[in-house]
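Trainee: Below, each chain spelled out in residue letters.
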Amino acid sequence: MIDPDDLALLATSFAAAMSRAPGAAEADDALHDLGWGELLAHAPLQGAAAAFSALGVTGSAACLLDDVAANALGLPVSASACVVLPAPSFSRQPAERRGQSIHIDGLVSARIDRSDRAMVAVSDGSVVEVDAALLRTTDVIALDPQRPFRRLRVDVCERDVVVLARAGSWDTVILRARAAVAHQLVAASRVMLDQATQHAVDRVQFGRPIASFQAVRHRLADALVAIEGASAVTEMCAEDECDPLMATMARSLAGAAARTTAASAQQVLAGIGFTTDHPFHLSLKRTMVLDTLFGSARTLPTEIGNALLAIGGAPRLIEL
Amino acid sequence: MSDAIADDLPSFRRELNSWLDDNEGELRLGHVGHPTLDEDLAQFTHIKRALFDAGWGRHGWPVAVGGLGGSSMLRAVVGEEIATRDLAEPGMWSMIEVLAPTVIAYGSPALIAEMIPPLLRGDETWCQGFSEPNTGSDLASLSCRATAVEGGWSVSGQKVWTSFAQFAERCVLLTRTGEPGSAHRGITALFVDVDSPGITARPIEIQNGTLEFCEVFFDDVFVPNERILGAVGQGWQVAMDVLPYERSTAFWHRGAYLHHRADQLIATVAGIAGADGAAAVDTGQARLLGEAFQAVMAFRCRSRATQHRLAGGGQLGAETSIDKILIATAEQTLFNAARDVLPGVIEFDDDAEAQRLRWEFLYSRAATIYGGTAEIQRNIVARRLLDLGSE
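Each protein sequence line maps, in turn, to chains A and B.
So for the first sequence, the working numbering puts the first residue at 857; every next one is plus one.
So for the second sequence, the working numbering puts the first residue at 62; every next one is plus one.
Hint data in this document are derived by calculation from the structure and do not stem from the laboratory.
Hints are not guaranteed to be accurate.
Restraint ranges, calculated between C-beta atoms of paired labels, are given here [unchecked claim]:
1. A:Arg1154 / B:Glu85: 41 to 49 Å
2. B:Arg445 / A:Arg1064: 16 to 24 Å
3. A:Ser934 / B:Arg75: 40 to 48 Å
4. A:Arg1154 / B:Asp184: 48 to 56 Å
5. B:Ile265 / A:Ala872: 54 to 62 Å
A short, non-exhaustive set of chain A residues, derived as facing chain B with CB atoms under 8 Å [said to hold, decoys possible]:
6. Ala1086
7. Val1089
8. Ile1174
9. Leu1176
Stretch by stretch, here's where chain B covers chain A in the computed footprint (C-beta under 8 Å, at least three residues) [to be verified]:
10. 1052–1066
11. 1103–1111
12. 1149–1162
Computed from a prediction, not measured in an experiment: that's the story for all the values here.
No residue lacks a Cβ here, since even glycine has one placed at the ideal position from N, Cα and C.
Bound-form chain A, shown alone:
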């Protein structure tokens, strides 16, 4: 268990390194130089809390989710480790065997451009290694201009893959990835709220700051409440142990908070927020992309409800 103050310091140094890095690849390298890989091995949930909060604050496109997944699967972690992620809003393994081929339907991070091989989890529980060249997609223009993740739909031949030995399970990947992305969404939501709050104070209409209008104030207050609720659950996913249901709720609430905040911030930022002169659009696009990872704010409440019905009640999950 890392001391909370030390964890906050780590998040700060991670964020500083990300801000200095000119691109995603450089940020990847900088984080690994700072010991991100060792931190992940030592304290996976706390490490992810520090690094993904930094991703959210800076807007960096560093591909750290690959590392979280690789570590959870018991595979080597490095700045060139590439793990194929589930299809948008899904969380099951991205691949399945179809006769002599393996059908992959998922997302791949920008790491694919600098990796020789990518690791792919298959629905039968195995993990295979695939030549990265087979997974590099032709350049398409996607929503997020930095393209931290790309859509992947491809069939590879059984003979072109190597089955890997590993120690972790896909359920661990889901839990840790959900917690990590929740941290990033919460931090990114705070950035959007800060932008809107600053604008509301600065922008004058009818002879007074628009922050003085209750309609504006209540929209921003609702965003902060959504963020703090999601944040409180997400913080519970930075402890030594985390129940999978808790991580699912953190991810669900963080996705919902990002949607609420984006809508409120967009409305308050109004004209300027609709242009690329203002950085808001980058947060809007990034949080939309993040809310497709390992479920979405739309799909996860149903998953939570079904999990509770299978248990037949509501487990306590937290103690004072």
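We have chain A; now place chain B onto it with these hints.
Mentor: Showing chain B alone in chain A's frame:
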């Protein structure tokens, strides 16, 4: 938070639960169907006395008022386990958690040594005289008048929304001692015996059929000087200090109650699905349950951090408006879900559980009204937490 408190809590909880298990039969008074207000009060008095006599009800309270000392977290744990076992109606439970700390903070040593033990033991019920017919959200405009007389104060005026006043022995009362229009500066808090001559309490029936709330009329009621809480003119500070107490152990108790009701609702729906086949639960129902439970957990995780901050000696302030909005949202989301996942139960059924859900659904409509409306909370968040300046 000190590690000692955290280390102690699990064993405290274990021992408490083992005692509750051993005494379950004697702790629960019987009633048929959904309890009446009188039955709820009898149960509440019964459990308070049993907890006090066994010592559990004294942990977390100062030794000077009959307690055994220790962190307020111990009280939070007791409240949580009581709520989880449906052993006390949550509104009644919160009355002690809200009023006792306020009186301890502002009453004279002699007053609190005399008055707090009977409250903790369940011998007395107290009420909170804050709101008035023309004073809801704008509490500082209250006009119930206290005029200086020989040896004390004469109180005349009216309060409303005073929970359990018809049963109460004492009342924490906000009065206007300054000039009319002196707003928050001219308010004084008094600790009043409800059997004083000149006090009349008249219950108001609320939409779920309960007579919990009262109008209370004060006609030249004498209150001696030693019953002033704090100083003359300090009443606004007393009232503002009530809020952090409401939002600490009392909120933790209410959150535990909501969690418990979510648990029961899910078990009910799962039972129907088990009997009729999985098709009885559709995706929409699962989603509503998921949304309700994650709303409850968002509040509980937030409140957990608040409890730790308070127990660690921190001051609670405007940030607890977020706790308040989250718990109101959780309560309404939960009972809205109950209405929709059990179609027609609240509207038509008449068994004890249906009566209870009907009672709770209707009561939950007030979660965004009492204790500072949702709009007032958002004003506080905007001004104090987002620094948006004045309106």
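Trainee: Could you run down the list of hints and mark each one as holding or not?
Mentor: Hints and how they fare:
Evaluation of the 41 to 49 Å hint for Arg1154 (chain A) and Glu85 (chain B) yields a pass: the beta carbon distance comes to about 43 Å. Arg445 (chain B) and Arg1064 (chain A) have their C-beta atoms about 19 Å apart, which keeps the hinted 16 to 24 Å range intact. In this structure, Ser934 (chain A) and Arg75 (chain B) meet the distance hint of 40 to 48 Å, their C-beta atoms being roughly 45 Å apart. In this structure, Arg1154 (chain A) and Asp184 (chain B) meet the distance hint of 48 to 56 Å, their C-beta atoms being roughly 53 Å apart.
Between Ile265 (chain B) and Ala872 (chain A) the beta carbon distance is about 60 Å. The supplied range of 54 to 62 Å therefore holds. Using the Cβ-Cβ criterion of 8 Å, the hint placing Ala1086 (chain A) at the interface with chain B is satisfied: the shortest such distance is roughly 7 Å. Checking Val1089 (chain A) against chain B by beta carbon gives a least distance of about 5 Å; that is within 8 Å, so the hint holds. For Ile1174 (chain A), the interface hint holds, the least distance from its beta-carbon to any beta-carbon of chain B being 6 Å, beneath 8 Å.
With 8 Å as the threshold, the beta carbon of Leu1176 (chain A) comes within range of chain B, its nearest partner Cβ sitting at about 6 Å, so the hint holds. Residues of the segment 1052–1066 of chain A with a Cβ under 8 Å from some Cβ of chain B number 4, which satisfies the need for three, so the listed coverage holds. For the segment 1103–1111 of chain A, the stated coverage by chain B is satisfied: 3 residues place a CB nearer than 8 Å to a CB of that chain, which reaches the threshold of 3. Judged by the Cβ-Cβ criterion of 8 Å, the segment 1149–1162 of chain A is covered by chain B as claimed, because 7 of its residues qualify and three suffice.
Going down the numbered hints, you'll see the structure goes against none, and every one checks out.
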